[in-house]
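Quick note: my numbering has the sequence shown finishing at residue 298, numbered continuously throughout.
Treat each hint with caution, since some may be false.
Have a look at the derived ranges for each label pair, beta carbon to beta carbon [as the list claims (entries may be wrong)]:
no.: 1; residue 1: 208; residue 2: 265; range: 46 to 52 angstroms
no.: 2; residue 1: 77; residue 2: 172; range: 44 to 50 angstroms
no.: 3; residue 1: 29; residue 2: 166; range: 31 to 37 angstroms
no.: 4; residue 1: 176; residue 2: 98; range: 43 to 49 angstroms
no.: 5; residue 1: 212; residue 2: 171; range: 43 to 49 angstroms
Simulated from the structure, these hints should not be mistaken for lab results.
Idealized CB from N, CA, C, for every residue including glycine.
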Amino acid sequence: MSRHNIIYFAREGAYNMFSHGFMSFAAVGITVACLIIMGTFTLVAVNANAMLEDMEAQNQMLAFVDDKSWTEEQARALESQLRAVPNVADVEFISNAEAAAAFRARYEGDELFTGLPDDNFRHRYAIYLKDIGLMRQTKTDLEGIPGIGEGNVAAYEDEAAGFITIRNVAGVVCVVLIAVLFLVSVFIIANTIKLTTFDRREEIAIMKMVGATNGFIRWPFVYEGFLLGLFSAVIGFFLQWGLYEAVARSIASNDTINLISTVPFSSMWGYVAVIFAGAGMLIGVGGSLSAIRRFLQA
Numbered sequence: 001m002s003r004h005n006i007i008y009f010a011r012e013g014a015y016n017m018f019s020h021g022f023m024s025f026a027a028v029g030i031t032v033a034c035l036i037i038m039g040t041f042t043l044v045a046v047n048a049n050a051m052l053e054d055m056e057a058q059n060q061m062l063a064f065v066d067d068k069s070w071t072e073e074q075a076r077a078l079e080s081q082l083r084a085v086p087n088v089a090d091v092e093f094i095s096n097a098e099a100a101a102a103f104r105a106r107y108e109g110d111e112l113f114t115g116l117p118d119d120n121f122r123h124r125y126a127i128y129l130k131d132i133g134l135m136r137q138t139k140t141d142l143e144g145i146p147g148i149g150e151g152n153v154a155a156y157e158d159e160a161a162g163f164i165t166i167r168n169v170a171g172v173v174c175v176v177l178i179a180v181l182f183l184v185s186v187f188i189i190a191n192t193i194k195l196t197t198f199d200r201r202e203e204i205a206i207m208k209m210v211g212a213t214n215g216f217i218r219w220p221f222v223y224e225g226f227l228l229g230l231f232s233a234v235i236g237f238f239l240q241w242g243l244y245e246a247v248a249r250s251i252a253s254n255d256t257i258n259l260i261s262t263v264p265f266s267s268m269w270g271y272v273a274v275i276f277a278g279a280g281m282l283i284g285v286g287g288s289l290s291a292i293r294r295f296l297q298a
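Using the sequences and the hints given, assemble the complete structure.
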């Protein structure tokens, strides 16, 4: 394709877009709305996944030293074996004195537990995992270490399974919604450009009669869809940015116990911009090709 043809196709595409101002405005507006809805669901999924990862990092197993008579030095000697277990990200030693102090602090004021001696508690390790989906296997591996033994590992397997289920469901819902909205956007763009091509059906027929190729006829509409998608992506990106920041500030000001945290938009704006640009242009070009195909086959 020559430089002259590229300039001609781009000029014709821009002219077509601005000459059908209301329809182009409607196409951009609807595409922006679809992009923002898709972007919102995606950002919610990203934040939900980040929160789940934080919960996973805090979800720990407790491995108790089997023998209460072991000294702290003997119990600490197990650390290297625990770290060598597959799927173990980190371990933290908790002496019986530390465990007893934490227990008394928890039940402060209850005379029943006030006088409990430290040797009633066992030395233990807090075990942090790389993947909580492998918690059952990791528990079995830990119980196989001499000094720990079977039945001395406390694992919250039901909670871990719940985290995994939530993450998987959130991912599936997000993918399905994005796919549906993407198809809706392509359909809307296709029908919008189809209306503009209907007005020019006689012009297209004449061009075909004088020997214009399908490619020569098609390219201006492709550029028109490209520009519609690009404008929609730019507008949608900045609206999404403003909406996200407003919601994040609202959550930060109202969540006094820091139960919900949001991923800063500044850390992912580049990815969002690329995705919006790609989705917008793909929607525009895909809609244009879908719209013009019937007229070229006539």
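Cross-check of the supplied hints:
The given range of 46 to 52 angstroms is respected by residue 208 and residue 265, whose C-beta atoms sit roughly 49 angstroms from each other. Taking 44 to 50 angstroms as the suggested C-beta distance range, the pair residue 77 and residue 172 conforms, at roughly 46 angstroms. Checked against the hint of 31 to 37 angstroms, the C-beta distance between residue 29 and residue 166 comes to roughly 35 angstroms, which is consistent with it. For the pair residue 176 and residue 98, the supplied restraint of 43 to 49 angstroms holds, since their beta-carbon distance comes to about 48 angstroms.
Evaluation of the 43 to 49 angstroms hint for residue 212 and residue 171 yields a pass: the beta carbon distance comes to about 47 angstroms.
Violated hints for the displayed structure: none, as all numbered hints are satisfied.
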